[in-house]
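Chains Z and H, in that order, give the protein sequences.
Numbering of the first sequence is given in our numbering, commencing with residue 1 and proceeding in unit increments.
Numbering of the second sequence is given in our numbering, commencing with residue 482 and proceeding in unit increments.
Calculated directly from the structure, the hints in this document are not laboratory data.
No residue lacks a Cβ here, since even glycine has one placed at the ideal position from N, Cα and C.
Take these hints with a grain of salt, some might be off.
Stretch by stretch, here's where chain H covers chain Z in the computed footprint (C-beta under 8 Å, at least three residues) [stated by the list, open to error]:
{"no.": "1", "stretch": "153-163"}
{"no.": "2", "stretch": "422-433"}
{"no.": "3", "stretch": "437-446"}
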Amino acid sequence: MAYTEEELKKELETKEYEYGFYTDIESDTFPIGLNEDIVRAISKRKEEPEWMTDWRLKAFASWKEMKEPEWANVRYEKPDFQAISYYSAPKKKDKYESLDEVDPELLDTFNKLGISLDEQKKLAGVAVDIVIDSVSVATTFRDTLAEKGIIFCSISEAIKDYPDLVRKYLGTVIPPKDNFYAALNAAVFSDGSFCYIPKGVRCPMELSTYFRINQAGTGQFERTLVIADEGSYVSYLEGCTAPSRDENQLHAACVELIAMDDAEIKYSTVQNWYPGNKEGKGGVYNFVTKRGICHTNAKISWTQVETGSAVTWKYPSCILKGDNSIGEFYSIAVTNNYQQADTGTKMVHIGKNTRSTIISKGISAGKSQNSYRGLVQVNPKASNARNFSQCDSLLMGNECGAHTFPYIEARNNSAQIEHEATTSKIGEDQIFYCNQRGIDTEKAIALIVNGFSKEVLNKLPMEFAVEAQKLLEISLEGSVG
Amino acid sequence: MLTIKDLHASVEEKEILKGINLQVNPGEVHAIMGPNGSGKSTLSTVIAGHEDYEVTKGSISFDGEDLEELDAEHRAHKGIFLSFQYPVEIPGVTVTNFIKTAINALRKAKGLEDMPAKDMLKSIREKAAMLEIDSKFLSRSLNEGFSGGEKKRNEIFQLAMLEPKLAILDETDSGLDIDALKIVADGVNKLKSKDNAVVLITHYQRLLDYIVPDFVHVLYNGRIVKSGTKELAHELEAKGYDWIKQELA
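For reference, chain Z alone in the conformation it holds in the complex (with noise of 0.2 Å):
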């Protein structure tokens, strides 16, 4: 998977986002608006039992007595709720037997996006779920999987043929009353993956999710669950990318994990969204709410690098609910334009001697605006609770912002919390040492934002590792004039 410099550099010279093209597939979408009626269709659309459409409709009822929040560090036009359409799928006869039976627009569209299935199956230890526009399409390596008890599958799937798994853990961890875009997720997501790691095993190959908005006009509502069992491992990779479009697109997620004891979690995003273009239109909004519980001896790391999105607000949290249980938070966010991210962690120490750390790079050009926000909370109970927190930030030009909102909430006198922060510019200094050696400028500033984000390059798989580099210089192409 390793790109050539050559292909890096051609990369680089497509100033355009290179994944905003749009596929003409025949899609079903439904009318706009959202009411009760439209939940339930969207339930029995995809054959839920009641318990299901239930689960919703309460979501939708508590939604409706929700409000928007409004305390973070972002400013836009609030989404009209009502103009959005709140489910379309590809249009499909009956389920697919092969690859053949797919459409071959659709196939083209994996192309572009280089995930091309057969790709997939040859890359070595990669099972792919492929999301487009909410119904997962295609599933590789559920066999392999299989045999060692693992299910990987949609979210829909999981429904109809896991429902007591389902049943048991959905919304135990992101409650659907949790927050207003978690309501709203629940009351309408149209599909997601689910992952289940039977006790004991160790997941052989990393599990990954594709994501796209494909329809205009279509929210997109992931509903992803990833639960691992007694003593399991399992790394996790979600990859976004999504087609330019002029109207703002809403994405509002949920990721619920659960690690019971002695279990692992591993789960990276690379984020990459339509940003918006130069003068700040469109975009998409990245509303998400990504939460993993950890039993005891359990460890849940989250890795992110947020590259996309006009606004962000994203908060990859861990409940270390059982003793000696381990959080990690390691995000790159990088803003350029008129990209707003407001984006970090909590950390809630519950369990006895629980260890958390934190490391977030904040990469701001243009006029763009990145905050840090985390929250570090220590319970009575939590002794030897103790957290390491590191916030650095990369400031590029005079016009864009940097903010870090940390929240400390210690009730334990025998917690140890630590909190280091810096702020630095991209020197011209650097530049001028750079281009001396014959580097040029948008090449020097690729060097410096790999070196300042390493640390967290250095958590992802390595197969993404690539990516994400190659994100960081594409979206800050053109940020020094």
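Following the hints, put chain H in place on chain Z, whose structure we already have.
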């Protein structure tokens, strides 16, 4: 190779260089000496093409080509190398990664493919050995937490890797202890050939005991006020710069 004619240069409206003339030919070593504030570092920075310095009069040409329109990276591509007096830190970028990027940038400018990893590794090993650089050093972040001596040695390591036509060494001797100075000077001497040239910028005669110059120039108040051979450096060492100042007064 390098021809500087009546060069005047300013930074923030302040004139620092007030009419420099200098001719450097292939195979030559020139030393530019002078008291603090005489314009030595400005001269090296202007040759390298820093944007903040404005050439108000005169010209610099390199291999017959006027450099005025060329920015720093293109001057580097032509074969001009500056060993910085104060090399900058680039956190998270290893010495190896940086030199790899620089080498491939130069190769690209020449229309060449990236250097194969095997060749790169071989070259890095050779040059590191020549300068007695430990391999652990190569995986450290560029100049981050380096001692003054390590920074300078790293500059010369880059010089050795990039093999430029013209090397300008700005106060490379400062911060080096005597052993390190010998190693660095040894390295520079090994790299010298009939096709390349070296300009040494220094306060002190010390470095010139190890890298023997063909010409010595004294820079004072933005002008080269005296030129000679290496004996001039000894004279300066003995008499100090006040001697020049008095002579000019």
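Exercise for review: Between the stretch 153-163 of chain Z and chain H, see if three or more residues pass the 8 Å beta-carbon test, and mark the coverage as holds or violated.
Suggested key: violated (count 0)
**Study point:** Cβ contact check, 8 Å cutoff: the stretch 422-433 of chain Z against chain H, three residues minimum
**Key:** Since three or more residues must qualify, the claim that chain H covers the stretch 422-433 of chain Z holds, with 6 doing so at under 8 Å.
Check your understanding: At a Cβ distance under 8 Å, does chain H reach at least three residues of the stretch 437-446 of chain Z?
Key -> Check passed, 6 qualifying residues.
Taken one by one, the earlier hints fail for this structure only at number 1.
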